[in-house]
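**Student:** Mind docking these for me? Both chains are given alone in their own frames, and the hints should help you get the complex.
Chains as they are written, first to last, in the numbering used here: chain A, 312 to 489; chain B, 8 to 206.
Just so you know, these hints were derived from the structure itself, not from any lab.
Between beta-carbon pairs, the in silico distance windows are:
(1) B:Asp116 / A:Gly386: 47 to 57 Å
(2) B:His28 / A:Gly382: 22 to 32 Å
(3) A:Asp428 / B:His10: 19 to 29 Å
Reference excerpt, derived from the structure (chain A facing chain B, CB under 10 Å, subset only):
(4) Arg340
(5) Asp362
(6) Phe368
(7) Val371
(8) Leu433
(9) Leu472
(10) Ser473
(11) Glu485
Residues of chain B placed beyond 12 Å of chain A at every Cβ, according to the derived structure:
(12) Leu35
(13) Ser130
(14) Ala131
(15) Asp178
Here the structure is a predicted model, which means the values were calculated and not measured. Built from N, CA and C at the ideal position, the CB exists for glycine as well.
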Amino acid sequence: MDSSLLANAETVVARARTGDTEALGELFRAFEVPVYNLARRICRTTEDAEDVLQETFFEVCRSVNRYREEGSLWGWIRTIAASKALMRLRRNKYRETEELHDEVVGNRREDTPLRMDLEAALERLSETSRAVVWLHDVEGYTHEEIANMMGKTPSFSKSQLSRAHARLRNWLGEEMTP
Amino acid sequence: MTHLTLDVLVGLRDPGTEPGHATAREHLNGCPHCQAELQRLDQRVARLKALPALRPARDRWPETRARFQAERRQRRTRMVGFTGLAAAASVALALAVGDFSRPVEIDADQLSQVMERSQVLESALSDYNPEGRVLDGRTARIAGELEDLIARVDRELELTELQRQQATDQDLLKLWRERVGLLDALVDVHVTRASNAGL
Chain A
312 MDSSLLANAE
322 TVVARARTGD
332 TEALGELFRA
342 FEVPVYNLAR
352 RICRTTEDAE
362 DVLQETFFEV
372 CRSVNRYREE
382 GSLWGWIRTI
392 AASKALMRLR
402 RNKYRETEEL
412 HDEVVGNRRE
422 DTPLRMDLEA
432 ALERLSETSR
442 AVVWLHDVEG
452 YTHEEIANMM
462 GKTPSFSKSQ
472 LSRAHARLRN
482 WLGEEMTP
Chain B
8 MTHLTLDVLV
18 GLRDPGTEPG
28 HATAREHLNG
38 CPHCQAELQR
48 LDQRVARLKA
58 LPALRPARDR
68 WPETRARFQA
78 ERRQRRTRMV
88 GFTGLAAAAS
98 VALALAVGDF
108 SRPVEIDADQ
118 LSQVMERSQV
128 LESALSDYNP
138 EGRVLDGRTA
148 RIAGELEDLI
158 ARVDRELELT
168 ELQRQQATDQ
178 DLLKLWRERV
188 GLLDALVDVH
198 VTRASNAGL
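In isolation and in its complexed conformation, chain B is listed as follows (with noise of 0.2 Å):
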């Protein structure tokens, strides 16, 4: 008597129907020595999924975080370098075209000091490198809330600048000055720390 071989008994605890399994069930259901070796599969394939969980030895999730705001940080700086610019480019425009249809409320050069002091901060942050570094834990989680609040203000930046018909340049200066007072806080943190530790 030929058995069925493992590949077809295998295939038979695959859900669905293929070519030749109607035959080879037909075999099975009368077959005590196939129906024993897909037991003993079946039993295999639980045992597998018994096997006790692994656990890593480290915690990754620190390092994993500071890559991530190191991109986050990447990134913000090249929106800045991009919405800032265009920011600058729409408040001057209005005020050389005479655009009366919304009040311009503030100058572009406002705009364009609050912008600036972003980047002299984000450039401190970027000779500064925190992600090379070991903060203490302290330090760690202020600097992890500030980093936060700056993407909430960056993505209220971008919607902002999608809304430009809506939105005053009011609230675009608002929000950038937020986000340098944000930027401000993060530096003295991290310069902060650096000179209490001597680094």
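Okay, chain A solo, but in the shape it has when bound (with noise of 0.2 Å):
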């Protein structure tokens, strides 16, 4: 993926490595989409989000000389992302999102569409759950990596995970049928 979002990746970070600001700057420019994208499908505002952003990209100008190469660029920076998402919810110490939905919709409930589309369905998992979601079926990580970052253990990852798709099936219409 690196060569794919920076195609001088090596010379790039040579320079940013020295310090300079410009090199760090195409290193942002580089990779600020799937960091913004995966940090707002964690948090759950835009706000959260772009600050994670910003987090982010404050460690790798910190960090950059302790970037080994010894994977890619971008999974380097994308676990800083993800370690960075996973600490604003802990800060924030949000109520789950169905709890909140709950509060907020109220009476709305039997408004609710049977078919959700699969961004709102996904809006609606809890802030955990979601993160597990994304971050195992869409980043790849190993749920040994998520119960690492989320400092939970590999059987929480992956009881998340499960109960999340039952949800997202029912939300999503997809019920089994016996």
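**Tutor:** In structure tokens:
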């Protein structure tokens, strides 16, 4: 993915390591959208996601010297972004989305369409479930890696994932027929 | 007939084998119902991956860069205090004990004066607080370039300090003078811009 996002990644990283802010800016431009997308899929608000974007690249600027090029550049940046987003979740201690949803929509529950679109269904998942779904199914992290980032066990990650899929299946109107 | 639970189907999508997976796979191979459910699961994941990328509404790079530069400046100020003291002490010691193993080409006063000047300029910059101000594009670009050059000189200073045996005091003085020149320019850029804009 590095080469598709940043053709001359090695050169840019070498310049960034010397503290060249133009090169750091190039890194930002190349990875800004995937980092924001990951953050926005995990965090509840656009403001939180933008803060995660800034926190992530601040960390990239500070620690680009420690990037060892053992894995992909995007893999390194993505792990920073995922950690920052999960940290933000912990800090905010949001109530579970469903509880909030119950409060907000209250009597409107009956109006909820039987078939939601995927974006809406994903948004409706709890913070933790959504983070696990996104990190596992889309970003490709293993349950062990997710557990490490979240400070939980792999079993926790697995159960969150299957619960999330059960909910998505219901909300998307994909119920199994016996 | 008991079908596979969603827990098991989700687990089957992961690489590696867990206890019970062999039996589950055996069931899956002969059960169209569970195959259809697994296919729906695969499709859902494929649709998740295909969701359009969300983009930030505003550019966060200027703030990120400013925060990084502010931190770099603070680090630099701390470093100046430390390496400055170390360099001055080293030159003073060489003069005091008559270290004739290497030529002492400058006196401690010269180095101290340049370092003091550097600290005065750092202090002026810190008081001016450029991160807390809005810069026009041209000023921001010039200031950014100067910051980068100062960061380069600082790295050279750190290296020179680490290799004191090979480096001459003249090297140190040259780098400190270069640093002061760049800081002078940076202060000029900010202060000139502020006075032009009436800030």
